[in-house]
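Enquirer: With the hints as extra help, turn the sequences into a complete structure.
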Amino acid sequence: MYNFKENFYADVRVEDRFTTTISYTNGFLKEIKERNEKRAFIRVFDGKMWFFASTTDLSDIQNKLDGLYAQAKPNAKILKNRIVKRFEVNNDVKMVFAINSVRNIDIAQKKALLESYLPTLSSSPLMSMPGATYVDRNSVFEFSSSKGAYIKYDYQTCGISLSCTLTNGSDFLQAHQQFGETEFSKLKGKKNAILQSLKEQITCLKEGVAVTPGEYPVILSPEATGIFAHESFGHKSEADFMLADEGIRREWQIGKAVASPLLSIVDCGKNVGSGYVPYDDEGTHARKNYLIKKGVLAGRLHNAQTSAYLNEKVTGNARAVDCTFEPIVRMTNTYIEKGELTKEELFEGVKFGYYIKSVKHGSGMSKFTIAPHVAYEIVDGKITRPVKISVISGDVFTTLGLIDGLSDKVEFMSFVMGGCGKNEQSSLPVGFGGPYVRVSKMFVQ
Numbered sequence: 001m002y003n004f005k006e007n008f009y010a011d012v013r014v015e016d017r018f019t020t021t022i023s024y025t026n027g028f029l030k031e032i033k034e035r036n037e038k039r040a041f042i043r044v045f046d047g048k049m050w051f052f053a054s055t056t057d058l059s060d061i062q063n064k065l066d067g068l069y070a071q072a073k074p075n076a077k078i079l080k081n082r083i084v085k086r087f088e089v090n091n092d093v094k095m096v097f098a099i100n101s102v103r104n105i106d107i108a109q110k111k112a113l114l115e116s117y118l119p120t121l122s123s124s125p126l127m128s129m130p131g132a133t134y135v136d137r138n139s140v141f142e143f144s145s146s147k148g149a150y151i152k153y154d155y156q157t158c159g160i161s162l163s164c165t166l167t168n169g170s171d172f173l174q175a176h177q178q179f180g181e182t183e184f185s186k187l188k189g190k191k192n193a194i195l196q197s198l199k200e201q202i203t204c205l206k207e208g209v210a211v212t213p214g215e216y217p218v219i220l221s222p223e224a225t226g227i228f229a230h231e232s233f234g235h236k237s238e239a240d241f242m243l244a245d246e247g248i249r250r251e252w253q254i255g256k257a258v259a260s261p262l263l264s265i266v267d268c269g270k271n272v273g274s275g276y277v278p279y280d281d282e283g284t285h286a287r288k289n290y291l292i293k294k295g296v297l298a299g300r301l302h303n304a305q306t307s308a309y310l311n312e313k314v315t316g317n318a319r320a321v322d323c324t325f326e327p328i329v330r331m332t333n334t335y336i337e338k339g340e341l342t343k344e345e346l347f348e349g350v351k352f353g354y355y356i357k358s359v360k361h362g363s364g365m366s367k368f369t370i371a372p373h374v375a376y377e378i379v380d381g382k383i384t385r386p387v388k389i390s391v392i393s394g395d396v397f398t399t400l401g402l403i404d405g406l407s408d409k410v411e412f413m414s415f416v417m418g419g420c421g422k423n424e425q426s427s428l429p430v431g432f433g434g435p436y437v438r439v440s441k442m443f444v445q
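Number 206 in my numbering belongs to position 206 of the sequence shown; there are no gaps in the numbering.
There may be inaccurate statements among the hints.
What the hints assert, rightly or not - Distance condition first, Cα-Cα at most 20 Å in a straight line; then the derived DMTMM-like pairs of lysine to aspartate or glutamate:
| no. | residue 1 | residue 2 |
| --- | --- | --- |
| 1 | Lys38 | Glu142 |
| 2 | Lys357 | Glu337 |
| 3 | Lys382 | Glu344 |
| 4 | Lys441 | Asp395 |
| 5 | Lys357 | Glu223 |
| 6 | Lys441 | Asp404 |
| 7 | Lys270 | Glu183 |
| 8 | Lys313 | Glu88 |
| 9 | Lys382 | Glu345 |
| 10 | Lys409 | Glu337 |
| 11 | Lys199 | Asp171 |
| 12 | Lys357 | Glu207 |
| 13 | Lys94 | Asp154 |
| 14 | Lys5 | Asp46 |
| 15 | Lys288 | Glu337 |
| 16 | Lys294 | Glu340 |
| 17 | Lys367 | Glu215 |
| 18 | Lys388 | Glu215 |
| 19 | Lys409 | Glu340 |
| 20 | Lys270 | Glu181 |
| 21 | Lys360 | Glu411 |
| 22 | Lys77 | Glu88 |
| 23 | Lys293 | Asp408 |
| 24 | Lys64 | Asp322 |
| 25 | Lys73 | Asp46 |
| 26 | Lys188 | Asp106 |
| 27 | Lys111 | Glu183 |
| 28 | Lys5 | Asp66 |
| 29 | Lys85 | Glu6 |
| 30 | Lys338 | Asp408 |
Think of the hints as simulated: they come from the structure by calculation, not from any bench.
Expert: What follows is the structure in structure tokens.
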């Protein structure tokens, strides 16, 4: 396909991306568009330096590649280079979404579906400023390398995001509901679930009571669990943070006990959803990577460069937000594995504490903060009245050690709005999830 020259390493990544965006504000159509863009990212490595180019003219790829070769210096030992030796030579075609591609659905159908949900945002006099958005994406990726790799696979998400402002006297709450799928047909029939969610958020606004700041037992829902795993531990596992920081490497000793023996955290691109990455942007096959296994630090996330420098195996986590950028170390689907308790048994273990059902946002590395959206009091193992919590926070490793219960089922979250940001590359689609997680003590305020 491409004329790769000897004595260099080179690869070419091409994405054919189709997207749809439809949005309404205050009941009026604000945006409706489809877009199809093809772009390539080309790179050459001579053992000392990387040379990059990006283009939307796919007929110009070879010219771009030859231009990069002209800047680099031939290296007869390039295949023995410690980074180049890490690049896998996979040959595979994995087209999962071709039959149910959102490219094949008329935009009028997508608009009609979004419009069918608009009335839910005016179902209460407390609601104002309604906003509704439909988005989808179907991408076809191709990857070729000078070592002989050729990979082709597709990716798809679609979903709807709804929001409005709830006002009750001087109190207000930004209500929202978002759901993502990999097939358009699965976005239908959500009206009752949307109305129930909005009704719950109204109840929280009207009846929620303030908490007394302090340390309490906390149960995290699968959504809150996933955000905690992603923000508070997943980013800390990305190995490029460690290359220039000996302190982090000393803290991050593989084999070190860092959490409750109940806890295992995994990152894996094989799970179909918003974090689906069967091959990363260096052609590495997805695999199940344990970050923590039964409380012990078991691994970190790599691209070829970080795996070479730290003398560890590649993990399939070299990702770029699009073909404008070079791949860097990023998460895919990050989740906590299930435990052995039923959900009911997990709650029965709390005499008084709090249940975090949904989350506005979270952040953290060594320390973390999570801002709950919908939360409840737990009394004698039962979910009782709604509460207003600004944040839950703590030290990451301390909190990991205080996990004392996990439910026996894992739920995965797929979101189509937003994504993960790192360096200048935002927003990258990722997935997360887990079971219900009980922490014996977290700071709540």
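Enquirer: Now look at each hint and say whether the structure bears it out.
Expert: Consistency of the hints with the structure:
A distance of roughly 11 Å separates the Cα atoms of Lys38 and Glu142; the hinted pair therefore holds under the 20 Å criterion. Between Lys357 and Glu337, the direct Cα distance comes to roughly 18 Å. Compliance with the 20 Å bound is thereby established for this hinted pair. Restraint check for Lys382 and Glu344: satisfied, since their Cα atoms lie roughly 9 Å apart, inside the 20 Å limit. Distance hint between Lys441 and Asp395 is fulfilled; the C-alpha atoms sit about 11 Å from each other, no more than 20 Å.
At roughly 7 Å between alpha-carbon atoms, Lys357 and Glu223 fall within 20 Å of each other, so this suggested pair holds. A distance of roughly 10 Å separates the Cα atoms of Lys441 and Asp404; the hinted pair therefore holds under the 20 Å criterion. Restraint check for Lys270 and Glu183: the C-alpha separation of about 17 Å stays at or below 20 Å, so the hint holds. Only pairs whose Cα atoms come within 20 Å are accepted, and Lys313 paired with Glu88 is accepted, the gap being roughly 11 Å.
Distance check on the hinted pair: Lys382 and Glu345 sit about 11 Å apart at the alpha-carbon level, within 20 Å; holds. For the proposed pair Lys409 and Glu337, the alpha carbon gap of about 8 Å is at most 20 Å, so the pair holds. Between the alpha carbons of Lys199 and Asp171 the distance comes to roughly 16 Å, so the proposed pair stays at or under 20 Å and holds. Straight-line distance between C-alpha atoms of Lys357 and Glu207 comes to about 16 Å, which keeps the hinted pair within the 20 Å bound.
For the given pair, Lys94 sits about 7 Å from Asp154 by alpha-carbon distance, which is consistent with the 20 Å threshold. Proposed proximity of Lys5 and Asp46 is supported: the alpha carbons are some 11 Å apart, at most 20 Å. The suggested pairing of Lys288 with Glu337 holds, with an alpha-carbon distance near 12 Å, which does not exceed 20 Å. About 13 Å separates the Cα atoms of Lys294 and Glu340, which keeps this hinted pair within 20 Å; it holds.
Taking the CA atoms of Lys367 and Glu215, the gap is near 16 Å; set against the 20 Å cutoff, the hint holds. With a C-alpha separation of about 15 Å, the suggested pair Lys388 and Glu215 falls inside the 20 Å cut-off, and the hint holds. In summary, the hint linking Lys409 to Glu340 is supported, as the alpha carbons are separated by about 9 Å, within the 20 Å threshold. Between Lys270 and Glu181, the direct Cα distance comes to roughly 16 Å. Compliance with the 20 Å bound is thereby established for this hinted pair.
With a C-alpha separation of about 18 Å, the suggested pairing of Lys360 with Glu411 holds against the 20 Å cut-off. Between Lys77 and Glu88 the alpha-carbon distance is near 18 Å, which keeps this suggested pair within the 20 Å criterion. Taking the CA atoms of Lys293 and Asp408, the gap is about 17 Å. The hint holds against a cut of 20 Å. At roughly 18 Å between alpha-carbon atoms, Lys64 and Asp322 fall within 20 Å of each other, so this suggested pair holds.
The suggested pairing of Lys73 with Asp46 holds, with an alpha-carbon distance near 6 Å, which does not exceed 20 Å. The straight-line distance between the Cα atoms of Lys188 and Asp106 is roughly 15 Å, inside the 20 Å bound, and the hint therefore holds. Note on Lys111 and Glu183: the hinted pairing holds, with a Cα-Cα distance of about 16 Å set against a maximum of 20 Å. The suggested pairing of Lys5 with Asp66 holds, with an alpha-carbon distance near 9 Å, which does not exceed 20 Å.
As the CA atoms of Lys85 and Glu6 are separated by approximately 15 Å, the hinted pair is consistent with the 20 Å bound. A distance of roughly 5 Å separates the Cα atoms of Lys338 and Asp408; the hinted pair therefore holds under the 20 Å criterion.
Going down the numbered hints, you'll see the structure goes against none, and every one checks out.
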